[in-house]
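Residue numbers (my numbering), protein chains in the order written: chain W, 65 to 533; chain A, 3 to 115.
Among the clues, some could well be false.
What follows is a list of derived Cβ distance ranges for each label pair [as the list claims (entries may be wrong)]:
hint : chain 1 : residue 1 : chain 2 : residue 2 : range
1    : A       : Ala101    : W       : Glu233    : 45 to 55 Å
2    : W       : Asp345    : A       : Arg113    : 21 to 31 Å
3    : A       : Arg10     : W       : Arg489    : 37 to 47 Å
4    : A       : Glu108    : W       : Gln194    : 45 to 55 Å
5    : A       : Trp102    : W       : Glu378    : 24 to 34 Å
6    : W       : Asp77     : A       : Arg99     : 12 to 22 Å
7    : A       : Ala101    : W       : Ser310    : 29 to 39 Å
8    : W       : Gln302    : A       : Arg99     : 28 to 38 Å
9    : W       : Ser265    : A       : Gly28     : 56 to 66 Å
10   : A       : Glu112    : W       : Glu233    : 47 to 57 Å
11   : W       : Gln302    : A       : Glu112    : 33 to 43 Å
12   : A       : Arg10     : W       : Met206    : 43 to 53 Å
Derived from the structure by calculation, the hints contain no laboratory data.
Note that CB positions come from ideal geometry on N, CA and C, so glycine has one too.
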Amino acid sequence: MRFAPSRYNTVADAAVGGGHLVFNAFTGALLELDDAEFGAARSAAVLGAQDGGREPQFPAPLATERDLPDQLEQRLVQAGVLVPEGFDERAALFDIRRRSLAAPDTLLLTIAPTIQCNFRCTYCFETHRQEVMSPAIERDLMRFIVDQSAGARAITTTWFGGEPLLQPEVLERVQRFTNAWGESRALRVARGIVTNGYFLSPNIVARLQALGEWDMVQVTLDGLPDVHNRRRVLHGGQGTWHRIVSNSREALAAGLPVNLRINVDRRNAASLGDLLDVLIDADVVPQAHVSLGFVVDSTGACAHVVDDVLSDEERARLSIRFDAELLRRGIAPSAALPGPICGAICSVESSLGYVIAPSGLIFKCWNQIDRDASQAIGHVSGTPVPNAVGERARWTRYDPSGRRGCSNCSALPTCMGGCPWEYERLGRVDRGECDPFRFFSRELVTLAHAGRVMRRQSGESDSAPRLAR
Amino acid sequence: MTNRDEGRDFIPRTPTVRALEHALSGGGVGTIASGKPDPQRYKEIPIDPDAPDAPVCSGRKYIVADPDDPNAPHCKPKRYIIAPDTAPGGVTKSGERVAWATELGEALVERFK
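Next up, chain W with everything else stripped away, as it sits in the complex:
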């Protein structure tokens, strides 16, 4: 069999040991090569100087006879760094995506028991009505879960809002039902919650833990205390930092996997290193997984923040800097090794992905949680909604394979076109919201490798938490 170099190779320096790294975005494989192996791969033109650039070579380089030691060639082939002649990785990616979307096996539920929120964050994309899920809607939702999980192998529930912990009883009843239903049908049930952390008291933590193991508990901070307390405020404008940090510390001590999301925009980007020091002193980091979220003017409700929104490349730079700040403090970088996205990006893409509002309306995207029936694809009761057909069609049109920018991008396997909502909102023709990997693939591979080495040395798991979206 003859082989050609993959379109999706990135060559980077190893973080430790002085060796070389070869990452393949199509397979997600990472090889460590010593100087001799790296030299041999370079001499045989397996790895070019351009690897890791923004534009991969299309068409792929021609297959040639290569003079490589057998063992090295075998490693390169198994990692996908070399692919069989004629193997079209891009076509294979889209083929895998199509197959996966055609046969989803996980019911992805994002459930908002209320739209109410005790916070009034300055950039929130929602409008907070006094809306709580009624007992009748709860029953309809349970029937909906039964119906929709037929044929599924797993159910993922992500609790969202508003603030979901304003209605813990609704959460408990629906989650208990889902647990029992899943167990009776041999379905794996995964749980996550996005909360502002204000009500994450020891009592609530115990109640959540009584519902089973949680994969992800996301709590948000907005920077140093004085910055946070101006942005994430209660109705009356009071700050929330100390209570959130105190609750997070206790929740972590109780074993809840808290992921601290740091919301960032132009106004608070400069102080991330100082923030990490404060969180380390507060005994919250490194116990909590910590990662960046970027403030985006995603809906009309937060259009006023547009001037503070960072560009794709600025976000990529900041992501690298944040991981470097972690690293210099002896904490593994937050970014995991990028991997190929082989199925639905989020509930929008999955035909079994639903965002359930407290009214029982069913949407596809989290950003629609406070919308009216005109954007819904259905209702958990089965009551018809006016634009169900149009709204379903709106999202099924999302297809990165038709976009020249995305389908020719070296980051395609790790992003597959990015967030559907942002693609639609940004209105770019050729590409959507770009992943940091597009801009700084070499640095990200080096950082992810550093994280792997550090986790391995400390005996930690190498997986990063994920949400249903």
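Add chain A to chain W, keeping to what the hints say.
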């Protein structure tokens, strides 16, 4: 997902890897290989219902070898599991500064200021 993580090589068990393996075995391009994982990559072990990370299934716990394999019956007991890595363990604790990490971190912070 069960991955192969052998020293210097990390090969995740992704559908793309399966597609590549299928192509390598002459099965054509773009199709997803299925079936029992390659025995070279898995160690047969008895089912351990008491394993702490075993998923709950029909009231009993089983280890699943490859929950992401589209053809794997998710909740049937499987007799194989990836050979666990033996973590070096205790070399460093998270938050304990390591010279090479500090050096790399500081260089990148400076570069991406």
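Hint by hint, work out which the structure violates, then give me just those numbers in ascending order. As far as the earlier hints go, not one is violated by this structure.
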